[in-house]
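*Asks:* Residue strings, one per chain:
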Amino acid sequence: MLHLIKLEWLKVKNYRTFWVIFILFLVSIIGANYMTHEFQQMIFGAEAKKNPENAVVKMFLGNPPYFFPQVWQMASQVTSYLLIIPGLLTVILFTNEFSFKTHRQNIIDGFNRHQFITSKVIQVIIMAFISTLMLAITALIFGYAGDKPFSTERIEFVGYSFLQCLNYCLCALLFSVIFKRSGISIGVYFLYVVILENILAVVLNKYANNTGYFLPVESADSLVYAPIFEGIQKFFLTRPDPKYLLLTCFGYIVLYLFFSYRKFKTDDL
Amino acid sequence: MNTVLSLKGISKRYGRIQALNNVSFDVPPGSVFGILGPNGSGKTTLLGIILDILRPTAGSFELMGKPPSAEVRKGIGTLLETPNFYHYLSAERNLRINATIKGQNYSDIDAVLEKVNLLQRKKSKFSTYSLGMKQRLAIASALLGNPDVLIFDEPTNGLDPVGIAEIRELIKKLSKEGKTIIMASHMLDEVEKVCSHVAIIKKGELLAAGNVDEVLVNEDIIEISATDITKLEQVMKAMTGYTKLQREDNHLQLFYPMGMAKLEDVNQYCFNNGLVLNHLQLKRKSLESKFFELTGKVSDR
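Each protein sequence line maps, in turn, to chains A and R. The opening residue of the first sequence carries number 3 in the numbering used here; numbering runs sequentially from there. The opening residue of the second sequence carries number 15 in the numbering used here; numbering runs sequentially from there.
These are calculated hints, taken from the structure and not from any lab test. On a predicted model such as this, the values are computed, not experimentally measured, just so you know. Please note: incorrect hints may appear among the correct ones.
Claimed, not checked - As a list, the in silico PhoX-like pairs of lysine-lysine whose alpha-carbon atoms are at most 25 Å apart:
#1 R:Lys-297 x A:Lys-103
#2 R:Lys-137 x A:Lys-8
#3 R:Lys-80 x A:Lys-267
Claimed, not checked - Derived contacts from chain R toward chain A, CB cut-off under 7 Å, selection only:
#4 Leu-65
#5 Ile-67
#6 Ala-84
#7 Lys-88
#8 Tyr-102
#9 Asn-112
#10 Ile-115
#11 Asn-119
#12 Asn-160
#13 Glu-168
#14 Ile-235
#15 Lys-258
#16 Leu-277
#17 Gln-295
Unchecked claim - Label-pair restraints from in silico Cβ distances:
#18 A:Lys-208 x R:Tyr-28: 37 to 47 Å
#19 R:Gly-29 x A:Ile-157: 52 to 62 Å
#20 A:Phe-261 x R:His-101: 24 to 34 Å
#21 A:Leu-135 x R:His-101: 43 to 53 Å
#22 R:Gly-79 x A:Thr-120: 25 to 35 Å
#23 A:Tyr-209 x R:Gly-23: 23 to 33 Å
#24 A:Thr-120 x R:Gly-29: 49 to 59 Å
#25 A:Leu-193 x R:Gly-29: 26 to 36 Å
#26 A:Thr-268 x R:Gly-79: 19 to 29 Å
#27 A:Ile-139 x R:Gly-79: 48 to 58 Å
#28 A:Phe-261 x R:Glu-85: 39 to 49 Å
#29 A:Tyr-246 x R:Ser-38: 51 to 61 Å
#30 A:Leu-26 x R:Gly-172: 32 to 42 Å
C-beta: ideal position from N, C-alpha, C; glycine also.
So that you can see chain R by itself, here it is in the shape it has in the complex (with noise of 0.2 Å):
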């Protein structure tokens, strides 16, 4: 098995609406692999058509190696965009549900219950369930039989701060354990901690897909200003190393690859040049203003 999942054009149309267009990419096994965008960019739409819920209106794929089954999807452990569970049932009778269709005996419900702090109340019906504790029963539900492949969809939608990071945890200690984990979500910052590989998706459209360090590639910014502005301004354009540079009001940006920037090397460079600076900063860029700068290109065109 090379890949986990592998996506080849797949798009979805509903009415009018392009939910989905050509969007292709391999999910490697053992990776934790985020799927990255913006509210109703078809994060969901795309885990839809993977498990059967929803049918493409073009391109194919394959789970596992194989084609999609009922079969492969006993296989991989899924919370889907809402906890959906029958209200009039505690947590314990409606994991047995799951487990049911799954195949599996019923040993495995406490362990998945404890492992999300809900075992004291596995009684209980559904519907006077918190948010956050439905969240949790859905996690419970997807780990039910130990499955190799997890697909969470936000699965922190709901969580308290504390849960939330129970959760980043769980996921984490899962891929260590070599599961593969593909996770929808809108939260950059979630993907930064938790995720290997990412692909960015924005109306629909895929912007990026592979490795985080190659596709949220991290430039750092060297920031100088002089009181003459306008003669700092031509002297830098002179010098070499960096990749771009950009006047802002009463200072300039200069931007490097990650970790190529030297402070020292400008600051002599000035001073070589006749002009003494007034301000000098190592600014790292941040992840977020490299995703709107990722997302951002197709609502511009």
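In isolation and in its complexed conformation, chain A is listed as follows (with noise of 0.2 Å):
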């Protein structure tokens, strides 16, 4: 497996596009979250700073987002916007292989088509867990910024948030794998993610007894929801079971790895 990562490290070392724009996801990661912080700071105010006990503000927005607990599930569900980027990433570093041909010559130098694939797989963990560790930073900063004392209460969402790389990634790489076009597999990836399946969702919600939750990316969105108006929320969403859209995440990334696998093995290249 090291011998995989030795690969891959060599093929994005000098790639700066690829440095580029993944630098500045990271960077997006705490200034998504600064900005909508300082809406915080707006909404709440000095009277929440001062009394965040009071029964009228927690009724309507909850516990202030920024401060722990909530913190980690606020920087979670700021950062879920942003996963779409890793997934570009992926797009573009897998596609790249079947412009250049590199994928043939890889194979030809005596790599064998699991193995390369495999080594792309390595890649999107090793980007999925430093977007990971990017977020529970910005966390830590914003939660020890707050005035409550730090606590482990809805860390769990942080490992969401990996989970929810992970299913934007590889779904495009699947995406990438059927395609083998950057430029259709980037816009097909991104119009399923951001619109299609967002419409989809809210069809099958109205229609199909909430089913809508259990789509590819949206199982792993709906896990990530934002702990603000929570009391509203109660009334409005019929949110399944974490556990649930848990499972099924995980079923898809599982689906995923299985379809991208079957079809670059059998595959002319």
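Both chains are sitting in their own frames, so use the hints and assemble them into the complex.
*Replies:* Quick look at the structure:
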């Protein structure tokens, strides 16, 4: 496995496009959370800071989201809007191989097909890990900036974010293996993740007994919801038990992997 | 190891197109084996199957006497169709990737770059290379680790005349070192100049395979003419020794196995039969016409 990591490192080490996008993505995790944090300060203002237990505020808004323990969840939720970027990088890195025909050369030089796709999956896992680490650091920074003491309650949302990132990236990997060309892979991936699935989710939730929550990417998105207006959310949304969402999300990850491996291992390259 | 490569009934279909049809032949160790055929005849498809890039529809093959595997491929240096490298990386960094996959250290990289005259440009990005330089880098990559078997698909593609001559010399040199070279080409003179064995493919069909001298056997042709060409034809029909007699416009062609034609005998024979020749010439049948004759068969059917 170290061999595969080393090889992927040689491929990305000097790839400027990758580093520019990836570093901007990591900075954006802090940046986007800073923006929403500022928004919190505006809404809750001095009153909430002075008296966080204020019953009226709590009923409508819940606790201030950037205080422990909500900060784990809030930072994960804000980060979830950015996870399309690691997906984009996955498409770029994979379809590059197709356009340079280096996927062929790697096989010719002595990789087997299983090793080739495994090296890409490892790369995705590392990217998701770094993204999650950045999220955890961000949550800690804002959590400690708040008035509440450190707490690991709700820290599971950071883990959900890791799964969500894997879900986005492996979905992107599958699209790349299917379409092979970067333009169409990026187009279809964005349209599906950002628009099509959301429309489908709304329709299914409305007419088909909330099954929209169990769509491939939506299952991960629903796991990581915002800890704001919690008092009101209860009345409007019938979100499924996280257990089932977790299981579904995990199931889709396995399916993405299964079909990606199968397609790459049986195709003419 | 009796064969470096042994193909058994390889077929490949792309939908309705039969790219290869039941191709079988053996590549002996130490040979320079040319796979010869016009563009689109299935040469690259065949090499793609050997290298696990393409899946055969039917048939099987052995590499170095073993079933094909990634491990076996590590011992083969290959240039398939186009130079395939990461555009944003330098030549040196690209070769590091190739070497890493092959499980070799980087000590060979400068040496192979030197062999193809790219050492000065090793820090330049692949995307800045000319077509010929890209091709030479691909050959350098194939030479990494000094493999015993090399597969070259159109190795002189995109090279200038000097580059072509250099690559031919390199192939001859590698062959002298005892390496087996499998080379696909649509250029007949290339095969003629460097190959010891040849397989000829046309539209996915194997037309012939074996020793170059046997497959591309040459013929001698004696061309003669006289004022009364009809009488000459009658007289010559009675002569023996040639394999075929053919009339072309105002002269006759007599075909002989290579080295068997004797102009004096023909001249003497005609004179003895009361005919004086006004044209007598020995012609070597060109390899090219032999190639057209062989590859013409399929399209004529």
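*Asks:* Any hints this thing doesn't respect? Which numbers, in order?
*Replies:* 1, 11, 12, 13, 14, 15, 16, 17, 21, 23, 24 and 28
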